[in-house]
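Please construct the entire structure, taking both the sequences and the accompanying hints into account.
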Amino acid sequence: MNAKLTDDAVAGLPLSLGRAELLEEIMSTPVLDDRPIRSREPRRRTRWLVPAAAAVVVAALALGTARWAGDDPAPAADRSAPVMSMPAVANGYVVLDAPGWTMVARHADEGRGEMSYENGDQYLELMWGLPEDYDGYVEDRRHIVRPAADGAPIQILGLGAQMWAYSPDDHTAIREVDAGQWIEFRGEGMDEAGYLALLGQLRAVDEAEFDAMLPEEFVTGAERNDTVDTILDEIDAASDGPLLPEGVDRASITSDQVDDYQLGSEISGQVACAWLGEYAAAEEAGDQGRMDAAAAALNSSHDWPVLHRMDDRGYFPEVLWMYAQQVADAGTLPEDYQNGLGC
Amino acid sequence: MSESREETFRRLYADHFDAVLGFALRRTDRPEDAADVTADTFLVAWRRLAHVPGGVETRPWLYGVARRVLANHRRGDHRRSALGDRLRKELAAAVPDCSDEVVQRADVTVAMHRLSARDQEVLELHLWEGLEPREIAEVLGLTTVVVRPRLSRARARLRELLGNDPEPPGHLPSRHPQLTRKEQP
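Note that the protein sequences, when read in sequence, are chains A and B.
Note that the first sequence covers residues 1 to 343 in my numbering.
Note that the second sequence covers residues 1 to 185 in my numbering.
By construction, these hints were calculated from the structure, which means they are not laboratory data.
From a predicted model like this one, the values you see are computed outputs, not experimental measurements.
Please note that the accuracy of each hint is not assured.
What the hints assert, rightly or not - Interface residues of chain B toward chain A, partial, derived using beta-carbon atoms under 10 Å:
no., residue
1, T28
2, V44
3, E129
4, T144
Every residue gets a Cβ at the ideal spot worked out from N, C-alpha and C, and that includes glycine.
Here is the structure:
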């Protein structure tokens with residue numbers, strides 16, 4: 001086994017000739033096709049590469065809780081609208097009916113989403129997206145193998161799919177577009193036979209059954225209103241002032257997420273957005289009193305219980321706290337906070 | 001005037017060669033294999049230069065490519081790279097003589113081998129390359145939400161095996177200033 005050298009030790013190795021020669025060799029090879037194609041990463045991870053994005057926004061985007069730069073923000077009414085009945089498979093309503101497996105994370109937003117199942121050291125991630133992204137993802141996956149090639153044809157949930165192997169115990173398959181969405185299934189910690197067997201245990205369900213099969217720590221439709229109320233009550237209790245600025249209705253603060261982390265980030269994010277918007281409006285009106293009240297409300301976020309519960313799972317709380325701190329300390333609105341928080 | 005393709009690649013190569021070679025050396029048995037992985041990784045970067053993200057995202061992207069190249073090698077799809085012959089020879093001569101400045105103690109290496117492959121990989125990216133969860137997520141194509149608890153659990157398992165915490169990341173894997181994300185505006 002090679003010694004596990006540090007990068008500094010590597011830099012000190014006498015490799016100058018080999019290093020320079022390799023560079024020239026590579027640059028003398030023809031570039032056959034360098035047309036930009038879509039990244040193999042989900043869109044949110046692609047978007048966080050946008051150079052203009054601040055690092056803090058990047059952190060929030062990585063969580064999938066923010067809207068994308070350049071996307072039209074969905075009107076608030078969309079968030080409170082009841083989930084429409086959609087074709088089961090296309091909406092990510094897929095359950096893994098296999099002993100030992102449990103859902104550990106889920107995020108869905110505007111036709112895209114991802115969901116993870118775990119069983120000890122085994123892992124299955126489902127990612128779904130819109131038809132316009134399908135060709136780009138498939139093309140990228142073709143490069144998992146060399147030379148690039150179509151994946152092995154398999155069937156998943158009754159529809160054709162292509163499967164590739166990253167390694168003997170790491171496989172991925174993309175199911176064809178069905179009812180407006182494609183789904184990718186990435187399985188780690190099992191061989192091909194195990195992966196295929198696991199895919200065979202997936203079951204498409206309707207929204208009601210999906211809801212009923214959520215693990216205990218997830219938020220079902222029946223629990224949603226109480227959960228949102230509790231989060232808002234806790235935020236209210238942590239703040240000396242009102243929960244929301246004048247003109248913002250508490251009933252407008254909603255979320256359809258079932259993962260408590262994602263739901264917590266949407267709810268706390270909407271409250272913070274309301275106060276950041278209030279701060280901006282007050283600043284424009286030259287109303288120092290309103291600006292102080294908004295800054296104080298944002299500063300109370302350090303005591304919002306929901307953020308402390310979320311803190312060990314991701315960076316959303318840190319991003320929100322940083323925005324609050326900037327308003328409190330510097331008296332300036334964070335640049336591009338709407339994208340960072342999904343306002 | 002914008003940078004030419006050649007200039008862009010030369011800069012990328014200069015900035016990240018040591019890191020990519022280090023990544024490969026730490027995960028292969030023989031120096032020649034590390035040279036092949038490095039050559040193939042930069043060949044992909046050259047051919048797909050338009051897709052290589054800039055700034056702090058470049059290195060995780062390169063690690064992600066190197067990881068895929070390594071996976072191809074490990075599953076037997078190993079062909080000797082047509083490139084980098086001199087690098088292979090220089091590495092084969094230089095690496096066995098170099099036992100200083102390793103990224104972790106031998107007992108940590110032994111303990112890590114007792115972890116699952118997935119836990120090992122996340123820990124290696126954290127301890128060897130000094131990556132944060134969101135960067136690990138980028139390399140592995142997972143979400144930060146998934147990586148963070150996984151890393152936490154892997155660290156806990158390693159701690160149980162060792163009876164103490166492994167060396168903290170950062171000072172051992174060496175310099176990678178590009179990866180020091182600014183958390184403050």
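Practice problem: Report the numbers of all earlier hints that the structure fails to satisfy, in ascending order. | Solution: Violated hints: none at all, because every hint is consistent with the structure.
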